[in-house]
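Enquirer: Read off the chains here:
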Amino acid sequence: MHEWALAESILVAAVEAAEKEKLKTIIEIKISIGELQQIEQDIFEFALGEIIKSQGGKLKNVKTIIETEKSTLKCKNCEHTWDFSDMKKKLNEDESEAIHFIPEVAFVHTRCPKCGSPDFEIMSGRGVSIISIRGER
Amino acid sequence: MEARVSVIEKRLKNIKRIISVASGKGGVGKSLVASSLALNLANKGYNVGLFDLDLYGPSSHVILGVKGQGFPEEEKGIIPPKVHGIGFMSVVYFTEDKPSPFRGIDVSNIIIELLAITQWGSLDYLVIDMPPGIGDETLDVIRLIKKSEFLVVSTPSKVALAAVSKLLKLLKELKIPIIGVLENMAMTKSSFIQNEVGKLGLPYLGSISFDKNLEESIGKPDRLLDADFMKDLDKILEGINL
Ligand SMILES: Nc1ncnc2c1ncn2[C@@H]1O[C@H](COP(=O)(O)OP(=O)(O)O)[C@@H](O)[C@H]1O
Ligand SMILES: [Mg+2]
Ligand SMILES: [Zn+2]
Chain A
1076 MHEWALAESI LVAAVEAAEK EKLKTIIEIK ISIGELQQIE QDIFEFALGE IIKSQGGKLK
1136 NVKTIIETEK STLKCKNCEH TWDFSDMKKK LNEDESEAIH FIPEVAFVHT RCPKCGSPDF
1196 EIMSGRGVSI ISIRGER
Chain Z
526 MEARVSVIEK RLKNIKRIIS VASGKGGVGK SLVASSLALN LANKGYNVGL FDLDLYGPSS
586 HVILGVKGQG FPEEEKGIIP PKVHGIGFMS VVYFTEDKPS PFRGIDVSNI IIELLAITQW
646 GSLDYLVIDM PPGIGDETLD VIRLIKKSEF LVVSTPSKVA LAAVSKLLKL LKELKIPIIG
706 VLENMAMTKS SFIQNEVGKL GLPYLGSISF DKNLEESIGK PDRLLDADFM KDLDKILEGI
766 NL
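Chains as they are written, first to last, in the numbering used here: chain A, 1076 to 1212; chain Z, 526 to 767.
Since the hints were made in silico from the structure, they are not lab data. One or more of the hints may lead you astray.
Claimed, not checked - Taking beta-carbon pairs under 10 Å as the criterion, some of the chain A residues facing chain Z (in silico):
{"no.": "1", "residue": "1086"}
{"no.": "2", "residue": "1112"}
{"no.": "3", "residue": "1127"}
{"no.": "4", "residue": "1150"}
{"no.": "5", "residue": "1165"}
{"no.": "6", "residue": "1166"}
{"no.": "7", "residue": "1179"}
{"no.": "8", "residue": "1180"}
{"no.": "9", "residue": "1205"}
Claimed, not checked - Straight-line Cα separation of at most 25 Å, SDA-like style, residue types lysine to any residue; simulated pairs:
{"no.": "10", "chain 1": "Z", "residue 1": "623", "chain 2": "A", "residue 2": "1147"}
{"no.": "11", "chain 1": "Z", "residue 1": "683", "chain 2": "Z", "residue 2": "729"}
{"no.": "12", "chain 1": "Z", "residue 1": "601", "chain 2": "A", "residue 2": "1147"}
Backbone N, C-alpha and C define an ideal beta-carbon position, used for all residues, glycine too.
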């Protein structure tokens, strides 16, 4: 359940940003999770809820909205583009799970489906970020 | 806004000291020093973690004899598996030791992910096995691990020192704590490195002799603890209260 660690990072970052903006309470956090992270949304939401409950404060009445950022991979060698569902077809369970922990090991376990190059780029679909925060001063 | 960076400080909060074993040069013995330092401190009864940050050429797992043990256990993050009493984290748990062709931005993302999800717990020491040079990993350690101190390794060669002194100058400029410079693989008596380190106004910590039997201890922590390499290292550590 490393979802918990990522959920915590969202809330720490949100409180930090709220302090900077002098917000007294945070009403809403819009979260984006890269598709490659393959986050279990249920677990992630549960973790957010638990941390919010135990931490209270600025987060007491916060609503969280989670969006998945679709993945786009682009080959630097042949310019072909593809996404995670294409990639997944060739992955075994362990490889897929490894990418769930660290999306960048995609470069270790997969190749460009067209030319076989490992030199591609993750254009989108990794990481955990905050799209927006709403709150009251 | 990237969220993972914010939680890193919290993950490292209960670690008393973080020592990055670094060098401007490859092949000088950083991984041997880092692994041996972790073993040495754990053997003295301290709580120790070892983090292999050499993502292209991880070696600490080879030195400690870690193989094929699957993904780390998950508990509010990932728990570094214990190896000879050391909490050991490395990218090899996720790469199956296959080649890792990462570019700089990917290296940074991996470091951020690992720092954000690894639950080290309370440690007396976290030792970081750094890759050579002053690229992404070094810059990310400086950016993300504010309390890291550097232990810098060089060989007696002018060639090594040329690269090592660049790292030293950068760390000095950025006012990063430098424990000192350790000379490794000494074959003859020479004060060249000591003098050069002195000119930079930095501590010279001592030298480790070339240990012709060292290879036999690779992958065998028990033997490594008894190796001549470790005896030399132990003397150096005594001088800096480690
Ligand atoms: N004092 C020493 N005596 C003999 N061999 C050494 C010594 N220090 C390091 N080595 C060997 O040199 C090689 C490079 O060491 P390593 O720790 O991998 O360097 P780095 O991490 O700086 O690239 C390894 O094979 C290691 O066993
Ligand atoms: Mg090394
Ligand atoms: Zn291609």
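Enquirer: Hint check: is the beta carbon of residue 1112/A less than 10 Å from a beta carbon of chain Z?
Expert: Given a least distance of 9 Å, the restraint on residue 1112/A holds.
Enquirer: Any CB of chain Z closer than 10 Å to the CB of residue 1179/A?
Expert: This interface hint holds because 4 Å falls under the 10 Å limit.
Enquirer: Does the interface hint hold: is residue 1127/A within less than 10 Å of chain Z, judged Cβ to Cβ?
Expert: 15 Å, violated
Enquirer: Hint check: residue 601/Z vs residue 1147/A, CA-CA at most 25 Å. Holds or violated?
Expert: Since the Cα atoms of residue 601/Z and residue 1147/A sit roughly 29 Å apart, the hinted pair is violated (cutoff 25 Å).
Enquirer: Within a Cα-Cα threshold of 25 Å, do residue 683/Z and residue 729/Z meet the stated pairing?
Expert: 16 Å, holds
Enquirer: Mind checking the CB of residue 1086/A against every CB in chain Z and telling me if the closest is under 10 Å?
Expert: With Cβ-Cβ at 9 Å, under 10 Å, it holds.
Enquirer: Would you check whether residue 1150/A satisfies its interface hint, that is, whether its CB is within less than 10 Å of any CB in chain Z?
Expert: Violated - the Cβ of residue 1150/A stays beyond 10 Å from chain Z, reaching only about 13 Å at its closest.
Enquirer: Less than 10 Å between beta-carbons is the criterion; does residue 1165/A satisfy it with respect to chain Z?
Expert: 14 Å, violated
Enquirer: A closest beta-carbon separation below 10 Å is what the hint needs, so does residue 1205/A meet it against chain Z?
Expert: 5 Å, holds
Enquirer: Per the CB criterion, is residue 1180/A less than 10 Å away from chain Z?
Expert: Cβ of residue 1180/A sits 5 Å from chain Z, so the hint holds.
Enquirer: At a threshold of 10 Å, is the proposed contact between residue 1166/A and chain Z supported by beta-carbon distances?
Expert: Where the cut-off is 10 Å and the nearest Cβ of chain Z is about 12 Å from residue 1166/A, the hint is violated.
Enquirer: Need the status of pair residue 623/Z, residue 1147/A: alpha-carbon distance at most 25 Å?
Expert: Holds. Residue 623/Z to residue 1147/A sits at ~23 Å (cutoff 25 Å).
Violated hints, in rising order: 3, 4, 5, 6 and 12; the structure is consistent with all others.
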